[in-house]
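Listed here are the chains, written in short residue letters.
Protein chains: 2
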Amino acid sequence: MTKGILAVFTGNGKGKTTSALGIAFRALGHGHKVCVIQFIKGNWTSGEQLFAKNISPLIEFHIMGKGFTWKSENLAEDTALAQKGWQLAVETIEKNEHHLVILDELTYLIRYNMVSEDEVLRVLSRRPAGMHVVVTGRHASEKLIDLADLVTEMVEIKHPFANGTAAQKGFEF
Amino acid sequence: MTKGILAVFTGNGKGKTTSALGIAFRALGHGHKVCVIQFIKGNWTSGEQLFAKNISPLIEFHIMGKGFTWKSENLAEDTALAQKGWQLAVETIEKNEHHLVILDELTYLIRYNMVSEDEVLRVLSRRPAGMHVVVTGRHASEKLIDLADLVTEMVEIKHPFANGTAAQKGFEF
Numbered sequence: 031m032t033k034g035i036l037a038v039f040t041g042n043g044k045g046k047t048t049s050a051l052g053i054a055f056r057a058l059g060h061g062h063k064v065c066v067i068q069f070i071k072g073n074w075t076s077g078e079q080l081f082a083k084n085i086s087p088l089i090e091f092h093i094m095g096k097g098f099t100w101k102s103e104n105l106a107e108d109t110a111l112a113q114k115g116w117q118l119a120v121e122t123i124e125k126n127e128h129h130l131v132i133l134d135e136l137t138y139l140i141r142y143n144m145v146s147e148d149e150v151l152r153v154l155s156r157r158p159a160g161m162h163v164v165v166t167g168r169h170a171s172e173k174l175i176d177l178a179d180l181v182t183e184m185v186e187i188k189h190p191f192a193n194g195t196a197a198q199k200g201f202e203f
Numbered sequence: 031m032t033k034g035i036l037a038v039f040t041g042n043g044k045g046k047t048t049s050a051l052g053i054a055f056r057a058l059g060h061g062h063k064v065c066v067i068q069f070i071k072g073n074w075t076s077g078e079q080l081f082a083k084n085i086s087p088l089i090e091f092h093i094m095g096k097g098f099t100w101k102s103e104n105l106a107e108d109t110a111l112a113q114k115g116w117q118l119a120v121e122t123i124e125k126n127e128h129h130l131v132i133l134d135e136l137t138y139l140i141r142y143n144m145v146s147e148d149e150v151l152r153v154l155s156r157r158p159a160g161m162h163v164v165v166t167g168r169h170a171s172e173k174l175i176d177l178a179d180l181v182t183e184m185v186e187i188k189h190p191f192a193n194g195t196a197a198q199k200g201f202e203f
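Residue numbers (the numbering used here), protein chains in the order written: chain A, 31 to 203; chain B, 31 to 203.
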């Protein structure tokens with residue numbers, strides 16, 4: 031079996047998580063098993079997750095973050111949650127039961143030193159043959175980009191909130 | 031009802047159509063009606079379309095292009111097909127039966143002068159209240175970007191075919 035693709039969607043623009051979601055949608059269409067691990071809460075609503083689970087038993091979601099940011103008041107708790115999420119990612123990759131593993135916002139864990147970059151690179155590079163992995167998040171590190179097969183930088187040209195448009199149901203990113 | 035979002039995904043990187051697909055997925059999760067018009071054949075396989083239709087009666091697909099490129103041998107036929115596709119887009123927007131209309135690869139029709147840019151801008155700017163429209167494709171024109179609420183440029187940092195990896199089932203973009 032050929033090596034799967036490691037894709038990274040980075041940059042400050044909208045479309046990183048939605049691209050990952052589109053890939054998940056396609057994979058389900060091919061009858062592939064998909065695991066989504068979200069390291070920052072809130073990108074996908076519970077309604078969307080419910081819908082995804084309803085349409086296919088092949089997709090599973092894990093929300094491992096509480097929405098930590100640089101403003102967080104409890105860094106120790108955030109770090110512990112991030113590390114727990116990363117452990118789940120490691121186990122999921124090693125178990126090799128999915129065709130596609132989406133690690134949504136993983137880049138933040140590296141950037142804020144919540145997990146070791148070397149370990150992330152090692153686990154991703156040793157992923158089982160045929161397993162595709164998608165990593166999303168701003169500020170993907172140089173080494174992660176080096177390791178990846180496909181990298182797109184989503185560059186924000188215009189953001190709807192910048193001109194006063196509120197987030198709209200069915201169109202959040 | 032507030033004005034819906036006009037989003038444009040442009041640039042040379044992967045993730046434009048998949049982002050649109052992710053947005054469609056989300057919209058379906060909210061019970062919204064989605065119409066996808068593809069102006070270039072081949073981005074989404076019939077298997078994926080079948081899957082989408084199976085999971086929800088709320089999504090419809092129209093493939094209006096034959097995969098025209100600058101190498102096309104029959105420009106008149108390609109142009110006629112493109113114009114037919116654009117007419118369907120105009121009717122779909124004016125009928126106002128969908129929450130989300132995806133015009134996949136529409137930018138090429140403007141770039142290759144198959145449809146009038148002024149007309150595209152006029153139709154998009156007069157879309158019904160509450161209707162979201164997503165336009166994808168390389169080389170979005172300056173006027174289209176000016177009109178849009180949200181614009182992301184997908185910039186190719188790395189492409190898997192560049193290092194010899196073949197397109198893989200369940201991971202095509």
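There could be a bad hint or two in this list.
No distinction is drawn between identical chains; accordingly, a pair holds when it is met within one copy or between any pair of copies.
Below 27 Å or equal to it, Euclidean Cα-Cα: the simulated DSSO-like pairs (lysine-lysine) are [to be verified]:
no., residue 1, residue 2
1, K83, K63
2, K173, K83
3, K188, K83
4, K63, K114
5, K114, K188
6, K83, K125
7, K63, K188
8, K33, K188
9, K33, K173
Derived by calculation from the structure, the hints in this document are not laboratory data.
For each hint, the structure was consulted:
no.	hint	verdict
1	K83 - K63	both (12 Å within a copy, 19 Å between copies)
2	K173 - K83	neither (34 Å within a copy, 40 Å between copies)
3	K188 - K83	neither (33 Å within a copy, 32 Å between copies)
4	K63 - K114	within (22 Å within a copy, 38 Å between copies)
5	K114 - K188	neither (35 Å within a copy, 30 Å between copies)
6	K83 - K125	within (21 Å within a copy, 32 Å between copies)
7	K63 - K188	between (35 Å within a copy, 26 Å between copies)
8	K33 - K188	between (36 Å within a copy, 17 Å between copies)
9	K33 - K173	within (19 Å within a copy, 42 Å between copies)
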